[in-house]
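Undergrad: One-letter residues, chain by chain:
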Amino acid sequence: MALHIVVCVKSTPSSVNVGVDASGQPKIAGVPTALNPFDEFAVEEAVRLKERVPGSFATALTVGPDAAAEVLREAIARGVDAGAIVSGPEFEGGDSYATSLALSAAIKKLHGEKPVHLVLFGKNTSDVGAGVVGTQTAAWLDWSSASAIKKIDEVSETSATVTRQMEDGLDSVKLQLPACLSTVKEINEPRLPSLKGKMASKKAVFPKWTAADLGLQPAQVGAAGAGSVVVKASLPPARPAGVKIEGATAAEKAAKLVDILVERKLI
Amino acid sequence: MANILALAIPQRGALSPASYELIGAGRALADALKAPLTVAVIGGNAKALAADLATRGADKVLAVEHAGLTNFTEEAYAKAAAAAVAACGATRVVLPSTVAGRALAARLAILLKAGLATDVAEILPDGKVRRGYYGGNLIAEVEFKSAVAVLTVAPMTFPRAEPKGAAVAVEAVAFDPGALKSELSSFKAEESREIDLGAAEKVVSGGFGLGSAEGFKPVYDLAHALGAAVGASRRAVDSGWIPYKHQVGLTGRNVRPKLYVAIGISGQIQHLAGMSSSGTIVAINTDKDCPLMQMASIAVQGEYAELLPLITAEIKNRKGHAVAA
Ligand SMILES: Cc1cc2nc3c(=O)[nH]c(=O)nc-3n(C[C@H](O)[C@H](O)[C@H](O)COP(=O)(O)OP(=O)(O)OC[C@H]3O[C@@H](n4cnc5c(N)ncnc54)[C@H](O)[C@@H]3O)c2cc1C
Ligand SMILES: Nc1ncnc2c1ncn2[C@@H]1O[C@H](COP(=O)(O)O)[C@@H](O)[C@H]1O
Numbered sequence: 001m002a003l004h005i006v007v008c009v010k011s012t013p014s015s016v017n018v019g020v021d022a023s024g025q026p027k028i029a030g031v032p033t034a035l036n037p038f039d040e041f042a043v044e045e046a047v048r049l050k051e052r053v054p055g056s057f058a059t060a061l062t063v064g065p066d067a068a069a070e071v072l073r074e075a076i077a078r079g080v081d082a083g084a085i086v087s088g089p090e091f092e093g094g095d096s097y098a099t100s101l102a103l104s105a106a107i108k109k110l111h112g113e114k115p116v117h118l119v120l121f122g123k124n125t126s127d128v129g130a131g132v133v134g135t136q137t138a139a140w141l142d143w144s145s146a147s148a149i150k151k152i153d154e155v156s157e158t159s160a161t162v163t164r165q166m167e168d169g170l171d172s173v174k175l176q177l178p179a180c181l182s183t184v185k186e187i188n189e190p191r192l193p194s195l196k197g198k199m200a201s202k203k204a205v206f207p208k209w210t211a212a213d214l215g216l217q218p219a220q221v222g223a224a225g226a227g228s229v230v231v232k233a234s235l236p237p238a239r240p241a242g243v244k245i246e247g248a249t250a251a252e253k254a255a256k257l258v259d260i261l262v263e264r265k266l267i
Numbered sequence: 001m002a003n004i005l006a007l008a009i010p011q012r013g014a015l016s017p018a019s020y021e022l023i024g025a026g027r028a029l030a031d032a033l034k035a036p037l038t039v040a041v042i043g044g045n046a047k048a049l050a051a052d053l054a055t056r057g058a059d060k061v062l063a064v065e066h067a068g069l070t071n072f073t074e075e076a077y078a079k080a081a082a083a084a085v086a087a088c089g090a091t092r093v094v095l096p097s098t099v100a101g102r103a104l105a106a107r108l109a110i111l112l113k114a115g116l117a118t119d120v121a122e123i124l125p126d127g128k129v130r131r132g133y134y135g136g137n138l139i140a141e142v143e144f145k146s147a148v149a150v151l152t153v154a155p156m157t158f159p160r161a162e163p164k165g166a167a168v169a170v171e172a173v174a175f176d177p178g179a180l181k182s183e184l185s186s187f188k189a190e191e192s193r194e195i196d197l198g199a200a201e202k203v204v205s206g207g208f209g210l211g212s213a214e215g216f217k218p219v220y221d222l223a224h225a226l227g228a229a230v231g232a233s234r235r236a237v238d239s240g241w242i243p244y245k246h247q248v249g250l251t252g253r254n255v256r257p258k259l260y261v262a263i264g265i266s267g268q269i270q271h272l273a274g275m276s277s278s279g280t281i282v283a284i285n286t287d288k289d290c291p292l293m294q295m296a297s298i299a300v301q302g303e304y305a306e307l308l309p310l311i312t313a314e315i316k317n318r319k320g321h322a323v324a325a
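The listed protein sequences correspond, in order, to chains F and W.
Just so we're aligned: 217 in the numbering used here is position 217 of the first sequence, and the numbers increase by one with no gaps anywhere.
Just so we're aligned: 22 in the numbering used here is position 22 of the second sequence, and the numbers increase by one with no gaps anywhere.
No wet-lab data here; the hints were simulated from the structure.
Mixed in with the good hints, there may be bad ones.
Unchecked claim - One-sided and incomplete, this derived list gives chain W residues near chain F with beta-carbon spacing under 10 Å: (1) E75; (2) A78; (3) A106; (4) G132; (5) G136; (6) F144; (7) A149; (8) A189; (9) I281; (10) I298.
Cβ atoms here follow ideal geometry from the backbone N, Cα and C, with glycine treated the same way.
With the hints as extra help, turn the sequences into a complete structure.
TA: What follows is the structure, encoded as structure tokens:
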């Protein structure tokens with residue numbers, strides 16, 4: 001038994017503390033980018049599956065501008081075997097609907113070359129942060145899926161049993177493979193890139209696929225294929241100025257605080 | 001023609017009060033788009049649950065009931081949701097922003113060729129929606145380009161629909177899940193009977209300023225007196241004083257309670273990302289200049305060990321009087 005694991009990774013701004021630019025969109029020009037923090041856990045899990053099932057192979061996949069190939073290098077440095085980038089001007093302005101279609105088409109291509117068993121995703125991206133692309137990708141592929149996965153308990157080439165972190169406890173879910181799993185950060189503790197991995201990442205070359213390479217029409221991807229558009233970004237409304245509680249003694253302060261909470265019907 | 005569907009999904013066979021918020025959000029959207037509002041429940045016992053929702057102002061109530069829907073799986077629920085959409089011709093589907101709601105919304109959006117917006121915090125009069133992104137540093141105004149759209153609504157944001165008037169008849173929707181590729185094999189409930197952070201009306205959080213795991217004792221006492229859930233900063237979690245599930249912030253939970261009390265938390269941007277849209281924010285800290293004390297609705301400067309027991313006693317004292325009176 002050996003698995004082919006695909007891990008989907010995104011290049012996101014390394015700081016999300018951004019303002020709004022003149023066109024009313026997030027001011028991210030010039031902000032350095034990095035591997036989406038939650039995707040580190042998905043990459044680590046792919047590498048752990050390789051260790052668990054010897055002979056397995058892991059491929060990192062990203063949709064983004066050419067520069068996003070840096071996150072594929074980061075994934076290789078962390079132990080993934082190969083990478084592929086889906087890139088081209090036609091992909092600009094895509095939402096989760098269009099991005100998941102592009103990912104599903106690229107996964108189909110990978111699946112054709114070397115059958116895929118599991119596709120791993122992060123919890124969510126730090127910029128758009130919707131936590132939906134993994135499940136949407138599964139829907140396009142008509143594969144099984146589960147999200148909020150904190151453990152892959154059992155895995156074979158045809159099925160997996162996973163632990164899902166729900167609000168009220170843990171579900172055990174059995175899935176037929178291939179499947180798409182969206183992870184949570186409790187799934188593991190990512191290790192830092194190894195020296196050997198860093199060397200490999202420098203030499204790695206990645207195939208680049210355009211919409212045409214994936215059999216997609218320009219109208220299906222990017223802004224043209226999106227189901228939603230952010231027409232405007234704005235800063236959250238400023239909070240009204242607060243009250244400073246002063247008092248000679250701690251007891252006075254405590255009483256004043258409770259007064260205000262009662263006044264505001266919070267007690 | 002526009003048609004709004006609020007889709008309630010039970011957890012372990014029961015509906016949470018968030019389902020009433022769902023109807024509230026559906027109503028806001030229905031008013032904005034001058035469309036009728038349908039409420040649907042999916043589950044193994046959907047018909048019984050639907051009866052509770054039938055008096056809360058919906059124009060139509062549907063139940064998609066099947067033994068195969070007793071537990072949540074993405075595929076089966078997405079098929080059931082699609083059946084409910086077909087039964088009422090919905091053009092907007094409203095779901096909760098829970099693990100299940102988000103996954104269901106994601107699958108449904110593809111099945112319906114629909115745009116998707118998650119964690120919606122505001123519905124504008126023209127049907128556009130607002131959601132926080134970039135860790136809560138920005139608000140996106142989202143417009144749907146597709147004829148049909150799916151949205152999940154942020155908890156504690158929309159008014160809970162109250163019972164009013166006569167019950168609408170519950171219509172059963174015929175449904176057959178067919179062959180499925182996934183199934184739930186078991187469920188293990190979390191042992192603690194604590195209030196869940198995400199849906200809490202009040203949250204009391206502790207940070208590194210507590211100094212030790214024992215420092216959480218007075219925090220829990222205050223939380224119990226207030227009927228609040230307990231949260232924490234990452235530094236407190238990383239110090240091993242409290243489990244990760246309590247973490248609030250960018251890499252933790254997003255909360256939006258009416259009252260958020262931050263004790264010994266400095267208010268770094270990653271913490272604020274998870275709680276800055278709370279109603280009243282109280283900060284208790286020795287440093288009056290730290291970011292949380294600066295942004296708080298009520299800032300109390302002082303030692304937590306000294307203040308918390310006094311505050312807790314004061315609350316109990318007043319509650320006691322209220323009962324007596
Ligand atoms: C990628 C990334 C993601 C992150 N995600 C999160 C996240 O999700 N959530 C999160 O919280 N953090 C997150 N952080 C960490 C964040 O940057 C801060 O380090 C963390 O929030 C600090 O926690 P704190 O306020 O408890 O500790 P500190 O910053 O050390 O503050 C302690 C506070 O306690 C006060 N204090 C000390 N003694 C007392 C006393 N006796 N009584 C009262 N007050 C006292 C001090 O004045 C100080 O303000 C993240 C960081 C990174 C880089
Ligand atoms: N452009 C992208 N390229 C590759 N993977 C992505 C991309 N966008 C999102 N993902 C994956 O989907 C997960 C969820 O993303 P999101 O729905 O945007 O929060 C991320 O953690 C990634 O694993």
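Undergrad: Please check whether F144 of chain W passes as an interface residue: C-beta within 10 Å of a C-beta belonging to chain F.
TA: holds (5 Å)
Undergrad: Given I281 of chain W was flagged as interface, is its beta-carbon under 10 Å from a beta-carbon of chain F?
TA: Check passed: Cβ of I281 of chain W comes within 8 Å of chain F, closer than 10 Å.
Undergrad: Min Cβ distance, G132 of chain W to chain F: is it shorter than 10 Å?
TA: holds (7 Å)
Undergrad: Report holds or violated for the interface hint on A149 of chain W, using the least CB-CB distance to chain F and a cut-off of 10 Å.
TA: This hint holds: A149 of chain W lies near chain F, its Cβ roughly 7 Å from the closest one there, short of 10 Å.
Undergrad: Mind checking the CB of A106 of chain W against every CB in chain F and telling me if the closest is under 10 Å?
TA: holds (4 Å)
Undergrad: Can I298 of chain W be said to touch chain F, with a Cβ gap under 10 Å?
TA: holds (5 Å)
Undergrad: Hint validation: G136 of chain W versus chain F, beta carbon distance must be below 10 Å. Holds or violated?
TA: holds (7 Å)
Undergrad: Next item in the hint list is A78 of chain W. Is there a CB on chain F closer than 10 Å to its CB?
TA: It holds, given that the least Cβ distance between A78 of chain W and chain F is near 7 Å, below 10 Å.
Undergrad: Tell me if A189 of chain W is really an interface residue toward chain F, meaning its C-beta lies closer than 10 Å to one of theirs.
TA: Constraint on A189 of chain W satisfied, holds at 4 Å.
Undergrad: Mind checking the CB of E75 of chain W against every CB in chain F and telling me if the closest is under 10 Å?
TA: holds (6 Å)
Every hint, counting from the list given before, is met by this structure.
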